[in-house]
Amino acid sequence: MRTYMMKDLLLYWRNRREIAIGLLLPIVLVLVLNVVFSDLLGSEDKPMALTLAVVIEDDGSPEAGRLLEDLRSPALAKWLSVAELPKPEALRQVESGDVDGALVISRGYAESLSHADAREGAAGARLPLIVKGYSTKATALEGLIRDLADQVNFERAIAAAADGDAGMTPPPTGGRELLEGAQPFTMAQYFTIAIGALFGLFIASTIGERTGGEKREQVFNRVLLSNSRPLDFLMGKTASAFLMIWMQFAFVVLVSRFSLGVFSGKTAHFWMGMLAMITLHAAALAGLAALFASITLRARSIDAASGLFLTITMVFGTLGGGFAPIHFFPGWLQRIGEWTPNGRTLAMATEWIQFEDWSALTVSFAWLLAFALAMLLAGIRLYPGRGDR
Amino acid sequence: MLETVKLSKSYKGKKAVDEIDLYLDEGESVGLLGPNGAGKSTTIAMISTLIKPTSGDVIFQGKSAVSDPASLRRVTGVVPQDIAVYEELSAYENLKFFGRIYKVDKRALEDRIQDVLDMVGLKDRQKDLVKTFSGGMKRRVNIAAALLHNPKLLILDEPTVGIDPQSRSHILEMVRELNQRHKTTVLYTSHYMEEVEQLCNRVYIMDHGRIIAAGTKAELLGILSSDDKVTVQVSRPSEAFLQAIRALEGVRQAEAVNDGIRIIAKKGGNLIGRLAREAEKAGAELTHFQVETPTLEDVFLHLTGRTLRD
Chain A
1 MRTYMMKDLL
11 LYWRNRREIA
21 IGLLLPIVLV
31 LVLNVVFSDL
41 LGSEDKPMAL
51 TLAVVIEDDG
61 SPEAGRLLED
71 LRSPALAKWL
81 SVAELPKPEA
91 LRQVESGDVD
101 GALVISRGYA
111 ESLSHADARE
121 GAAGARLPLI
131 VKGYSTKATA
141 LEGLIRDLAD
151 QVNFERAIAA
161 AADGDAGMTP
171 PPTGGRELLE
181 GAQPFTMAQY
191 FTIAIGALFG
201 LFIASTIGER
211 TGGEKREQVF
221 NRVLLSNSRP
231 LDFLMGKTAS
241 AFLMIWMQFA
251 FVVLVSRFSL
261 GVFSGKTAHF
271 WMGMLAMITL
281 HAAALAGLAA
291 LFASITLRAR
301 SIDAASGLFL
311 TITMVFGTLG
321 GGFAPIHFFP
331 GWLQRIGEWT
341 PNGRTLAMAT
351 EWIQFEDWSA
361 LTVSFAWLLA
371 FALAMLLAGI
381 RLYPGRGDR
Chain B
1 MLETVKLSKS
11 YKGKKAVDEI
21 DLYLDEGESV
31 GLLGPNGAGK
41 STTIAMISTL
51 IKPTSGDVIF
61 QGKSAVSDPA
71 SLRRVTGVVP
81 QDIAVYEELS
91 AYENLKFFGR
101 IYKVDKRALE
111 DRIQDVLDMV
121 GLKDRQKDLV
131 KTFSGGMKRR
141 VNIAAALLHN
151 PKLLILDEPT
161 VGIDPQSRSH
171 ILEMVRELNQ
181 RHKTTVLYTS
191 HYMEEVEQLC
201 NRVYIMDHGR
211 IIAAGTKAEL
221 LGILSSDDKV
231 TVQVSRPSEA
241 FLQAIRALEG
251 VRQAEAVNDG
261 IRIIAKKGGN
271 LIGRLAREAE
281 KAGAELTHFQ
291 VETPTLEDVF
301 LHLTGRTLRD
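Taken in sequence, the protein lines are chains A and B.
Under this note's numbering, residues 1 to 389 are what the first sequence spells out, in order.
Under this note's numbering, residues 1 to 310 are what the second sequence spells out, in order.
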């Protein structure tokens, strides 16, 4: 298997133009799409319609009432619909996409404000915003709630100062509220992941096509006649696909980090998660590359097989959010997108970038691993042995 | 060493190879001749265990190679019709890759690669990418890749198609040396009759999936031993004249060829005189004639009604 893998990597290395395109084009696309979509979203004429579920666990505190009142103010009513819901219902509606987010005014919210002095801003306040994933609407909601919370905190600090509270310092002039567990997920981050994942699909497709070349030129026949295990050829392709996809994705992420400042300031813990995600994504697409290679070897028409791979790549790429932000799609299409390896990787990265919670990744890890195995097994099943003609 | 027993292959009910019986003795060089579509490549693919026969068997050293292909594969080198090497790798890298998958001992592989490169005359170009080679050099790499594991049986499927005379001559010399000095058994298919005549002890002629003649060169020439080959040129060639020749007594075959009309006819019988009379009747006259002993090419034409490169 190692011999085959080294051969494939050497052949890949020899095609410098393809390597240059494969490595640089994603970076260019990240830049261009980031600019295009940022401008596009910034120039929308129509106001954004936001829907927010509010879960009040803080019984009857004036601070909670004040916050709710502010959210329902006439100034916001034109573009923000607020519904007070029990927590399970709010979570269900977030999950189904009926609301853009759910704000939980936690038990002890008012007390936490009391302890949060002006230097901290509202950092001590318990005010989690639950969103399904990255979207412009989620970001807008996050900003709005942060501003309102700061307002409440500011007024409370003024009131405390008026009561002669010892040690009180002047109220804050700005600062940022940390909503529980959620870090911002930027458009540049979105496209870094989406494009990196998309180009992995292109590599898998290219491997399928190149196998066609080996079949056409009878090199594959020579391999079959060599008395080595025929499956080594396929496993070599799978291993080389894994390495190429892994390196390509890692390159996109690292260049985005160091040249474009995407993911700057992230911790080692964050990068461990990214490493795991890239590895699983590469494994899933290596499995797909194995299936593509087997289909090529089985297909009567190599051109038809290549057409099929391109179609799969484009469908997966589109549904998985590789060409345009996934939140532009209707909810049902977004859910289908998560059944593509790149869409799943994107969803996983969205979670990770915001919450850095390993437990939230378990299902996606299992899904990608299952996808890798299913594709590889299908590839092995289809793989032609000697005499299969 | 190897024989086929009623070896057949059908695709969608159509027989590509139909109950072929052939054999190769150890150290022999055997030619397989036939026009395009005769079934040569399919026969070779079955003998080399690349495809399974629909029926029949390949017997190698007394055992069925259909049920136990590994033992045949271990000692067989196959040079496919297409250039089955990686163009983006150098000659050396190709041979190293194929040597490894042929499981040539790692310690011996380096020496073996150099021996084989020397044999095909590419030692000084071993580091160059195959894509930079001429057609003939690529064919030589193609052959070298089949020799790495020192095969006892070498199967070459039209190894000299479309190459320059120098490379062709090199390849023929190499195959002859492998057969005569290294005692490698050779099965050689070609469109070029003269190659088979030069290299092979025995020849099988295939057409429409069947073997229609077999034997040594002398035996095959014996098919036309009582005939002469006469080539004539006339001042005004016409279809009527050709038909008139075909109607002459003793004429087995008459075909218009590039340099006139080629006739296979029984020896004697004053053919030239009769041809002159027929030409006169057709309003033409003989401008040139040549009487020769028939070659294998003529035998082939006689048996198949086609030339080898049809």
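It is worth saying that the hints were derived from the structure and are not from the lab.
Backbone N, C-alpha and C fix where the C-beta goes; we use that ideal spot for every residue, glycine too.
Treat the hints with care, since some could be wrong.
As the list claims (entries may be wrong) - Derived coverage of chain B by chain A (criterion: at least 3 residues anywhere in the stretch with Cβ under 8 Å from a Cβ of chain A; other residues may be distant): (1) 39-52; (2) 96-104; (3) 219-227.
Structure-based check of all given hints:
Under a criterion of three residues with beta carbons nearer than 8 Å to beta carbons of chain A, the stated coverage of the region 39-52 of chain B is upheld, 5 such residues being counted. Coverage of the region 96-104 of chain B by chain A holds. Counting CB-CB distances below 8 Å, 6 residues qualify, and the rule asks for three or more. With 0 residues bearing a CB less than 8 Å from a CB of chain A, the region 219-227 of chain B misses the requirement of three and the coverage assertion fails.
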